[in-house]
Amino acid sequence: MIKLKHFKMLGAVATVAAGLGGFSAAALAQTVKIDGSSTVYPISEAVAEDFQKAKKGKVRVTVGISGTGGGFKKFCRGETDISDASRPILEKEMKACAKAGIRYVELPVAYDALTVVINPKNTWIKELKVEDLKKMWEPSAQGKVTNWKQVNQAWPDRGLKLFGPGADSGTFDYFTDAINGKEKASRGDYTASEDDNVLVQGVARDVGAIGYFGLAYYVENKDKLKAVPILNKGASKAVMPSLETVMDGSYQPLARPIFIYVSEKAMTRPEVKEFVEYYLTHGAQLSKEVGYVPLGKQHYDLAMKNFKAKKLGTGFGGKAEVGVKLDDLLQREAKL
Amino acid sequence: MSDATAVKVREIRALIARHKRWDVIFGIIGVLSLMIGVLTFVALFLDMVIDGAPRLTWDFFTNFPSRKPNQAGILSAWVGTTMVMIVTICAAVPLGVGAGVYLEEYAPRNWMTDLIEINVTNLAGVPSIVYGLLALGLFIYEFGLGQSVLTAGLTLALLILPVIIVATREAIRSIPAAIREGSYALGATKWQTAAHHIIPYSLPGILTGVIIGLARAIGETAPIITVGALTFIAFLPPAPVQAEPPFVSFEWLMSGFTVMPIQMFNWTSRPEAAFQLNAAAAGVVLLVMTLSMNALAIYIRYRLRKNIKW
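Listed in order, the protein sequences are those of chains A and B.
Terminal number for the first sequence in our numbering: 367, no gaps in between.
Terminal number for the second sequence in our numbering: 312, no gaps in between.
Heads up, a few of these hints could be off.
[Unchecked claim] Derived lysine-lysine pairs resembling DSS-like cross-links, with alpha carbons at most 27 Å apart: (1) A/K253 <-> B/K70; (2) A/K304 <-> B/K70; (3) B/K70 <-> A/K84; (4) A/K87 <-> B/K70; (5) A/K89 <-> B/K70.
[Said to hold, decoys possible] From the derived model, a few chain B residues whose C-beta atoms are all more than 10 Å from chain A: (6) L41; (7) W113; (8) Q149; (9) R218; (10) P273; (11) S294; (12) L298.
Please keep in mind that the hints were generated in silico from the structure rather than gathered at the bench.
Beta carbons: idealized from backbone N, C-alpha and C, even for Gly.
Kindly produce the complete structure, drawing on both the sequences and the hints.
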């Protein structure tokens, strides 16, 4: 009896192997493949969910999370139709795409506002200058700046506990660029976690703590955290992050647009074209629903115009940029 | 009774009492060590059940992921996990048992076999992400299997192969040499000995290895993400059984997929607190899946053991 079982198992393996031969032709029709940034994921997920419902399941959409860099790798190999990106495409990724003959349209879909948060019991911080943040986070502060008093004499003699995302995160890249003036330039002796909820817990537990992450995590945890208004270099008034201040461009330098990149080849497929149009028409409402700040209506219109005109390439020229104005970006000469 | 004997008896009694005391002390230490593990698990599990219980409705199992926490479900995740596990079992068990039997029964005892043995044992300790990278290069780029259920299943099969091989060998070694010698004495070939005696008798031990391996594989995230599992997928792979001829379809093997640990991880990293509850509920389901898989294997093992008579 045992012997028989064994043969059954072998049989199953043989059938599996035989089945493999007949697969190649069975490509799934009408699937839109998206991969990339975990920051953009909630928006793409929301759009995918609603789009599939609107199409009554005739078009399938899949969304993966490989990170912005991992997403571009797949995108430039032609494995995905759309790439989610929390930062513009970089020069080496442009080269990889060009080499593979992959051309693309760059479309902003929402803003991600980085929020600096402190413990609600922290009474001495009413606002923070970009320079103050730099004093706390710059690489040379490592091991030296460990007390609030060291940043500003007026602040109490209390341990400074820093919380932030890990070095693989796009949020980290942007924050270091905007505050320390150089991407990835940060002190290393802070509590890092890829899971923003861990950062929320950390700051909520320690009166001397300060941290940064996406606005959505602050909005969901308003009872445990306090957001800090940021005074930009040369600005006259500190600005609190909110839907309004991000949309009107006054919350700077910590607000950034996030993007999707659509492959030119995929655009010729009606389901991809329809999906992107759905993304841009419903992006405002859906990004708001999942905790992001939508772009202005004129920006979605401009992006739609660029998409329909197949304006190929990136407006950034392969470099990240702090404080970019969307009206300007969308009308820039694009480069492949 | 002389005094000297009385003293001796007292000494012996004292000695016995001392040893008994140690017996009790060690017993207490043992229970405490056990409790640390058990209580931690029970506390974690109860916490998860309390968080997740309200979400464990029928809809949770039949809904696809969604941006709305109370409408989000684990349909694509549990179906994905089940299918990947099926592929893993189909690939890992025959290969692992075959390799184990070969190493124990057929392989000549020389330095080459020793080298292979050391490597197999070491492979069990290799971080799972390494298997993911290997699979990415081999299955996806070389063989072109794509980011599919098949790729993920084979990757996890590689991951648990060493466990199954080692368990098979241990099980074979526990068979009394007399059985093997008796079989050879009656003129049986190596294959006959293996097929009629060695493999059937070692099946219970092999199953234990399979259980341990699968329990590890079902919770793996890193290698599955590396081979390109999706996070949002709101459709199921084509059914393996079709209404029209040829009735059986293997298209599901090439379909995109997601698995339970990925769905859980995604939910724990979301800002909305309601998603944390979903993650807890999914955790409970994953645990129940693992436990029922183990229960099935233990039942089969029990049945097989009953049949062994020597």
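Worksheet item: Of the hints stated earlier, which fail here?
Response: 8, 10
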